[in-house]
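Take 0 as the starting number for the sequence shown in numbering that gives the first Met the number 0 and just add one per residue.
For the record, the hints were derived by calculation from the structure and aren't laboratory data.
As the structure is a computational prediction, the values presented were derived from the model and not from experiment.
Watch out, some of these pointers could steer you wrong.
Said to hold, decoys possible - Pairwise CB distance ranges (calculated):
| no. | residue 1 | residue 2 | range |
| --- | --- | --- | --- |
| 1 | Pro280 | Gly229 | 28 to 34 Å |
| 2 | Ala298 | Glu209 | 42 to 48 Å |
| 3 | Gly263 | Pro212 | 29 to 35 Å |
| 4 | Ala74 | Trp46 | 40 to 46 Å |
| 5 | Leu239 | Ser98 | 41 to 47 Å |
| 6 | Glu230 | His290 | 25 to 31 Å |
| 7 | Phe123 | Ala233 | 16 to 22 Å |
| 8 | Ser85 | Gln273 | 36 to 42 Å |
| 9 | Asp157 | Gly91 | 15 to 21 Å |
| 10 | Lys202 | Asp73 | 45 to 51 Å |
| 11 | Ser284 | Ala74 | 46 to 52 Å |
Glycine included, every Cβ here is placed at the ideal spot set by N, Cα and C.
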Amino acid sequence: MVLRTENSCTISVAAPVGTGAGQPPGVHKEKHMINMRHETRTRFVRWQVALLVVLLISLTSASAGKRKQAKERDAAVATSRFRLGSSYLQDGDLRRCLSEFLEAVRLQPREARFHNGLGQVYFFLNEYDLAEEHLRRAIKLNPGMSEAHHNLALLFSDRGDYAAAEESYLAALADPAYLTPEKVYLNWGKTLQRKGEVDAAEKKIRKALEVNPLYIRGYRELGRLLEDKGEDAAALEAYLKAYLGIPEHAELNLKIGELYLRQGSADQARRYLQKVIDTAPPESSEALRAHAFLQDLAAG
0 MVLRTENSCT
10 ISVAAPVGTG
20 AGQPPGVHKE
30 KHMINMRHET
40 RTRFVRWQVA
50 LLVVLLISLT
60 SASAGKRKQA
70 KERDAAVATS
80 RFRLGSSYLQ
90 DGDLRRCLSE
100 FLEAVRLQPR
110 EARFHNGLGQ
120 VYFFLNEYDL
130 AEEHLRRAIK
140 LNPGMSEAHH
150 NLALLFSDRG
160 DYAAAEESYL
170 AALADPAYLT
180 PEKVYLNWGK
190 TLQRKGEVDA
200 AEKKIRKALE
210 VNPLYIRGYR
220 ELGRLLEDKG
230 EDAAALEAYL
240 KAYLGIPEHA
250 ELNLKIGELY
260 LRQGSADQAR
270 RYLQKVIDTA
280 PPESSEALRA
290 HAFLQDLAAG
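Required output: the full structure, derived from the provided sequences and hints.
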């Protein structure tokens, strides 16, 4: 505002800071209080939001931790159930094995080896459609799973779908790290034998023995194939190699005894036939046949 002095000099006097011309002095104070309340309310809201965020993060972390613990618990239980089922499988108790494998798959539906095991049990139970479903599921989860490809090949072979079986045998052998390729070659040979391709079958079985020269079952199967071909001397040689690994096997001792009889080697035949009598149950077919052969030898 402007003051006029007696000498008509004009003196300017500054208005109070923060006031405008024509505003009462209390207006500035009121606005200042409003601003302070607004800032306080804003800070309070921000603090509430921050606290809520921290709380949500804590809850989320706790929830995530619980989910992780639940997953780990399910995985551990599933593995235990699968191991128990595997023990039932070794004992030949397929129904209990099936129950355990089903529970393992329920707990861990994305575990390829559980589906492979379940498919294998269904195969043994002649539930071919269910077996194929789970074996294919195992392969989808783990395309390089040689064991699942091998089991699928066995299923196809049993169905008579030999072309599909051979494709699956090839897939099983695609992994150079597969621990038991000799089993694949042997079963491939048996599939070829079913087809009537005996020479090709022999090559596959010999390949199995090339991969694993200590493969006892391979020598037994080779002996059977050669015996069917009428090659008794070669069959006997294969059986004797198998005998080194399973000298108490009644059927094998009987086979060796019979082949020695055909060759006219009575003393050798008697040795193996007597072993059948000593090791096999008295009423078993092996023991009865061995006893009959020994009677013929005694009769002269």
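Give me the numbers of the hints this structure contradicts, sorted from smallest to largest. 7
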